[in-house]
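> Since chain W is already given, all that's left is putting chain Y on it; use the hints.
There are 2 protein chains.
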Amino acid sequence: MQAEIISVGTELLLGQIVDTNAAYLSRVLSSLGIDLYHRTTVGDNETRIAEAVRVAFETSDIVITIGGLGPTQDDLTKETVAKTLDIELLFDAEAAERIRGFFESRKLPMAESNLKQAVRPAVGRTIPNPVGTAPGAIFEKDGKSVICLPGPPVELIPMVTETVSPYLRDKRGPTAEIIKSRVLRTAGIGESAMEQMVKDLLQSGNPTVAPLVGRGEAQLRITAKASSEEIADVMIAEVETKLKERLGSYIYGVDDETLEQVVVRALIERGLTIGLAESCTGGLIADRITNVPGSSAAFLAGVTSYSNKSKTELLGVSEDILKEYGAVSGPAAEAMAQGARRAAGADIGIGVTGVAGPGGGTPQKPIGLVYIALSRKEDAHPAAERTYSQEFKFSGDRRNIKQRASQAALIMLRNELL
Amino acid sequence: MQAEIISVGTELLLGQIVDTNAAYLSRVLSSLGIDLYHRTTVGDNETRIAEAVRVAFETSDIVITIGGLGPTQDDLTKETVAKTLDIELLFDAEAAERIRGFFESRKLPMAESNLKQAVRPAVGRTIPNPVGTAPGAIFEKDGKSVICLPGPPVELIPMVTETVSPYLRDKRGPTAEIIKSRVLRTAGIGESAMEQMVKDLLQSGNPTVAPLVGRGEAQLRITAKASSEEIADVMIAEVETKLKERLGSYIYGVDDETLEQVVVRALIERGLTIGLAESCTGGLIADRITNVPGSSAAFLAGVTSYSNKSKTELLGVSEDILKEYGAVSGPAAEAMAQGARRAAGADIGIGVTGVAGPGGGTPQKPIGLVYIALSRKEDAHPAAERTYSQEFKFSGDRRNIKQRASQAALIMLRNELL
Numbered sequence: 001m002q003a004e005i006i007s008v009g010t011e012l013l014l015g016q017i018v019d020t021n022a023a024y025l026s027r028v029l030s031s032l033g034i035d036l037y038h039r040t041t042v043g044d045n046e047t048r049i050a051e052a053v054r055v056a057f058e059t060s061d062i063v064i065t066i067g068g069l070g071p072t073q074d075d076l077t078k079e080t081v082a083k084t085l086d087i088e089l090l091f092d093a094e095a096a097e098r099i100r101g102f103f104e105s106r107k108l109p110m111a112e113s114n115l116k117q118a119v120r121p122a123v124g125r126t127i128p129n130p131v132g133t134a135p136g137a138i139f140e141k142d143g144k145s146v147i148c149l150p151g152p153p154v155e156l157i158p159m160v161t162e163t164v165s166p167y168l169r170d171k172r173g174p175t176a177e178i179i180k181s182r183v184l185r186t187a188g189i190g191e192s193a194m195e196q197m198v199k200d201l202l203q204s205g206n207p208t209v210a211p212l213v214g215r216g217e218a219q220l221r222i223t224a225k226a227s228s229e230e231i232a233d234v235m236i237a238e239v240e241t242k243l244k245e246r247l248g249s250y251i252y253g254v255d256d257e258t259l260e261q262v263v264v265r266a267l268i269e270r271g272l273t274i275g276l277a278e279s280c281t282g283g284l285i286a287d288r289i290t291n292v293p294g295s296s297a298a299f300l301a302g303v304t305s306y307s308n309k310s311k312t313e314l315l316g317v318s319e320d321i322l323k324e325y326g327a328v329s330g331p332a333a334e335a336m337a338q339g340a341r342r343a344a345g346a347d348i349g350i351g352v353t354g355v356a357g358p359g360g361g362t363p364q365k366p367i368g369l370v371y372i373a374l375s376r377k378e379d380a381h382p383a384a385e386r387t388y389s390q391e392f393k394f395s396g397d398r399r400n401i402k403q404r405a406s407q408a409a410l411i412m413l414r415n416e417l418l
Numbered sequence: 001m002q003a004e005i006i007s008v009g010t011e012l013l014l015g016q017i018v019d020t021n022a023a024y025l026s027r028v029l030s031s032l033g034i035d036l037y038h039r040t041t042v043g044d045n046e047t048r049i050a051e052a053v054r055v056a057f058e059t060s061d062i063v064i065t066i067g068g069l070g071p072t073q074d075d076l077t078k079e080t081v082a083k084t085l086d087i088e089l090l091f092d093a094e095a096a097e098r099i100r101g102f103f104e105s106r107k108l109p110m111a112e113s114n115l116k117q118a119v120r121p122a123v124g125r126t127i128p129n130p131v132g133t134a135p136g137a138i139f140e141k142d143g144k145s146v147i148c149l150p151g152p153p154v155e156l157i158p159m160v161t162e163t164v165s166p167y168l169r170d171k172r173g174p175t176a177e178i179i180k181s182r183v184l185r186t187a188g189i190g191e192s193a194m195e196q197m198v199k200d201l202l203q204s205g206n207p208t209v210a211p212l213v214g215r216g217e218a219q220l221r222i223t224a225k226a227s228s229e230e231i232a233d234v235m236i237a238e239v240e241t242k243l244k245e246r247l248g249s250y251i252y253g254v255d256d257e258t259l260e261q262v263v264v265r266a267l268i269e270r271g272l273t274i275g276l277a278e279s280c281t282g283g284l285i286a287d288r289i290t291n292v293p294g295s296s297a298a299f300l301a302g303v304t305s306y307s308n309k310s311k312t313e314l315l316g317v318s319e320d321i322l323k324e325y326g327a328v329s330g331p332a333a334e335a336m337a338q339g340a341r342r343a344a345g346a347d348i349g350i351g352v353t354g355v356a357g358p359g360g361g362t363p364q365k366p367i368g369l370v371y372i373a374l375s376r377k378e379d380a381h382p383a384a385e386r387t388y389s390q391e392f393k394f395s396g397d398r399r400n401i402k403q404r405a406s407q408a409a410l411i412m413l414r415n416e417l418l
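Same order as they appear, the protein sequences are chains W and Y.
Quick note: the first sequence, position 360, residue 360 per our numbering, numbers continuous.
Quick note: the second sequence, position 334, residue 334 per our numbering, numbers continuous.
Isolated chain W, as found in the complex (with noise of 0.2 Å):
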């Protein structure tokens, strides 16, 4: 089963927003198993609807058209998809009841242009809409659909999920192949490096394994096609078992785990707390790490010091210190990493100075050097502690470089507590 999705929208065409819809869809076809080969997009124009709609339907099972189901003039698409397949468009009175509704429970006046809206194929069924005013619509014909709907995706997600992915799994049938995909995540090793450890095991045949890139990490990517979900993982988890033997501790988490997720559960499963430190990362860290719900178990404070005074009053970083090797140096982020660790009473600290930049750099210490230190209490003499430190030298813009060295400390504090 073949499925092709078509944007409309002339906003899409100036780059006026980004397409997600076509995304979301993409996702929900490829969990069903539907193949999609190509996606278009076109303006709110009725010749190139048309012709997208022609194309696309001589070609696949599933058409899916998102967009153009408004009330303005600029909205075609239900209009062009029923004269394109040569069925009938039908006043639909319970769509028109619904529309009426939607205004009056707002108590906002409702424009006459908005019952443009209440139409249904005359072959083929009706998508409501339980947030907005446009239902969505199946066109049915020789065995094939278009499925059109609406461009707003706060709109398209319920109908899409209400409606269209029972439709298309009724219609795929109890048999049909599915496709599974599973996205290892790696820290501390280039994209280049991974791909050397596994190239044998890189493969386009089923499953495939192929390396993402330009994710700001190496990652790579399983995935299976099977007549069930379960033959699937099973195929998924021989190839992985393989991979993870190749590339060990390099692996840290799978899909849309995030390295903060990996590093919070590892302290709070260790019942370690963590305090930060941070200059050039601005709160970075900090922010990455309270994004992960429950972290408060295990992150207590962080210190963002930009002034030299931050540095030496609220970490108690020496005057000495700055002075003779200056705030952006191992040693600094060494007395910056300890004093994390007492000023929030935590058993770990992280502290981290660099340049980020596009000021500030000088040839002795250039944009994008950045040292990252660890200090942490000794568990078998609590009086004791260790502290480390490592220079970085990371490329980029600002954005790109807090980036960059806010991964690193993440990937140091992973690596102290696998």
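Careful, some of the hints might be misleading.
The list treats identical chains as one, so a pair stands whether inside a single copy or across any two.
As the list claims (entries may be wrong) - Only pairs whose alpha carbons sit at most 35 Å apart, straight line, appear in this in silico DSBU-like list of lysine-lysine:
id: 1; residue 1: K107; residue 2: K393
id: 2; residue 1: K107; residue 2: K365
id: 3; residue 1: K116; residue 2: K199
id: 4; residue 1: K323; residue 2: K377
id: 5; residue 1: K309; residue 2: K323
No wet-lab data here; the hints were simulated from the structure.
Positioned in the frame of chain W, the structure of chain Y alone reads:
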């Protein structure tokens, strides 16, 4: 002049990434007055890439492909375009040198497969990649061009800015019609309320004025078509003046300007410094402020005080306040703001405390309840200070609540500085 964009990548068709590149390039084309009637997405499949390029090249003057330039077997775009257009690919010694240098400077081992990227079209040119290893390429044939760009936005954007935009501007020539847009960004007003205030100024002619919904703040977009940038600017300025009269200080910035940029600029202009005390926002406000280049002139220090101990010890919030009102309360927020100001030695302190969820909510203090306070030294009486707080109730998940609270804090700061 007409263009088409072809996004290449199986991960796009599986919905694993959202195609922000296509939107970005669409904006670039529209700003250059180059028409874009279609966008297409295909997977990493030679036949389908070739077919998409063939069709696009027939109907368009400019075809831009995104993705598939990496070193892996899946990366087929340049080779496929070369075959489709019957243009040879030559080994590019300079590009090879640059790729070697990229790995050397990072002290990473280089896989030989990376040199696969070091090719350039026999007819056309290379697009230098200042950030990554994969150079882009422009193939030229019959007065038309196929432009190949890599998928990672961090590489694509500088390549477009530095090479592709000037190339297209040159090719377009001086006389075409251009489209120009300007987005007005507001703070402190909802989308419906904004729309009500400017209802009669919304228009679909030239220029168009339309609200942009679902962006986390109320925005208006003005779009003008004209024969030159200058004329478009005048047309936009005319409507903008009217909108600004209507919306007044609700408008804080335009286009890509962020609230944090506006706030940092206002602080620097007034010679004021700031310190932060963040509880539920967890460092996000510090992160946003420190994303702004030059923010170190205004931002001195922040404390992310998750534990009560850090509130009392680092910020000097009295235990009485925490006991009597609780950590999530107006008095606690005010004490935090005062503590932030003093701890940082700053002119202004901001304190934020609340329940970000998903745990920790109670009937008295539900998830989404947030108190934000501001404390400022009185200019007239340096020893005196003025502190005030406000209660908010935000909806959404943990990250939404953090985001909305950080936005509200920046708005409070902006209003204080106006």
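> Give a verdict on every hint.
Each hint tested on the structure:
| no. | hint | result |
| --- | --- | --- |
| 1 | K107 to K393 | between (50 Å within a copy, 11 Å between copies) |
| 2 | K107 to K365 | between (53 Å within a copy, 18 Å between copies) |
| 3 | K116 to K199 | between (56 Å within a copy, 16 Å between copies) |
| 4 | K323 to K377 | both (27 Å within a copy, 31 Å between copies) |
| 5 | K309 to K323 | both (13 Å within a copy, 31 Å between copies) |
Violated hints for the displayed structure: none, as all numbered hints are satisfied.
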